[in-house]
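There are 2 protein chains.
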Amino acid sequence: MIKIVLFGAGNVASHLCTVFEKTSGIEVVQVYNRNLNSLSELPKNINKTTFLSEIKDADIYIIALPDDVISDFSESLPFKNKLVVHTSGSVAMEALSDNNRKGVFYPLQSFSKNRAIDFSEIPICVEASVTSDLILLNELGNKISNTITEISSEERKKLHLSAVIVNNFVNYLYQVGSDLLSEASLSFDLLKPLIKETALKIENLTPFEAQTGPAKRNDKKTIEKQLHLLKDSPHQKLYAEMTEAILREYNKDN
Amino acid sequence: MIKIVLFGAGNVASHLCTVFEKTSGIEVVQVYNRNLNSLSELPKNINKTTFLSEIKDADIYIIALPDDVISDFSESLPFKNKLVVHTSGSVAMEALSDNNRKGVFYPLQSFSKNRAIDFSEIPICVEASVTSDLILLNELGNKISNTITEISSEERKKLHLSAVIVNNFVNYLYQVGSDLLSEASLSFDLLKPLIKETALKIENLTPFEAQTGPAKRNDKKTIEKQLHLLKDSPHQKLYAEMTEAILREYNKDN
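Sequence order for the protein chains is F and U. Plus 691 on top of the position in the first sequence (first one is 1) and you've got our numbering. Plus 691 on top of the position in the second sequence (first one is 1) and you've got our numbering.
In short, the hints are calculated from the structure, not lab data. Incorrect hints may have been included.
One copy or two, it doesn't matter: identical chains are merged, so the pair holds either way.
No more than 25 Å apart at the CA atoms, straight line, and that leaves these computed lysine to any residue pairs for SDA-like [said to hold, decoys possible]:
| # | residue 1 | residue 2 |
| --- | --- | --- |
| 1 | K883 | T822 |
| 2 | K804 | K911 |
| 3 | K922 | A786 |
| 4 | K773 | H926 |
Assemble the whole structure, with the sequences as input and the hints as a guide.
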């Protein structure tokens, strides 16, 4: 039985709490959060506290708090030589306090409230300074996911950057599409099958192979027409630059 | 029975041929293509020709050829007063020859060779100058898809532009993510669950609600770190501009 104390009550903490709770071999012995209200949304049977002085004994202490408080929070923990990990994509393991053994348990996914997640498909990226801790984090990860990867803080930075690009930036493009349709009084639902297929396609094809459209085939006439359609839009610059980037990509050998 | 003659042997033509062939109430009486080789990849039982003089009689003639040849090709057809439609997102219906009755049958999806498509989920956008033709195109669309929408050429232009943004541009971002991971010797597979979840999320949430990440929460520290990580990369400008756009979007009221 791996005993866990979770710090935090946001999206990552609550999704982790949910999956740990239903997985045999893992026990969430306690969830800490400064604010009592947020804690009340977690399952009733779990021990909760708002006092660091009441923290129970555990095998792994998981800090699932905002990036900018992780370091200071880890310093404030009232115990020593335990395994303390964070769940952030962009914070180095070394940012954790030297008072305890350090590690990272980073689930590479975008968590939203009110949206269930199948953890078995989520890559869990682990890191630890002590080998036995790395083994324990691997064991924890393996209980909830099929993909556990050991990744250094340096590598994790680049992974997180790529995640921002394929998640946040992609989602922003969905919004631009939605805005343009709404200006034309058309429903965003029309684009949803295309959005889904675009994402599913790259499970078998590389993005390079999967590319289609006016920029890839250097169809200047369509590109001009679309730029014209955007002449009064704040999105014209985005269109021009993305098109330019794709044109470059597919004409590298010329 | 709706009798179809298809012109073309590319991705759209061959996917349409496949779905029409397996749908009761539709008969592909012939497929025309200038080039015999491409025709050979279509099902054996279908009548094929490379001669316009041999075109058979049909209820709907579907031109599934590149955008820039649709107009001239429609002029070259050796018959009059038939229903001739094209399948393009960006070509106006009026670009078709006046020799025949005009229409559009635009399946809003990105077709790739060697990738099967479930047509039932694909929105089909139809347009025709004659009401009885519009009814026939609706009937054809309904046999293969659950979503048929009547859309004018003006609306279709905007829809196609949005499709370029959520398909071609999004796929390009997948490629940027893949490039960055490959520079760090990390597998693109790590990002695939995130890519899939990002696309599936907007089936229930609006893109505005689904947004997360450093730009949305105005996390300047992470943004600075990621810009620094890209300091020698051709993608730094893209990162800066997408971040700026998201920052603007979520700080409109300030």
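Hint numbers not upheld by this structure, sorted from lowest to highest: Numbers 1, 4, in rising order.
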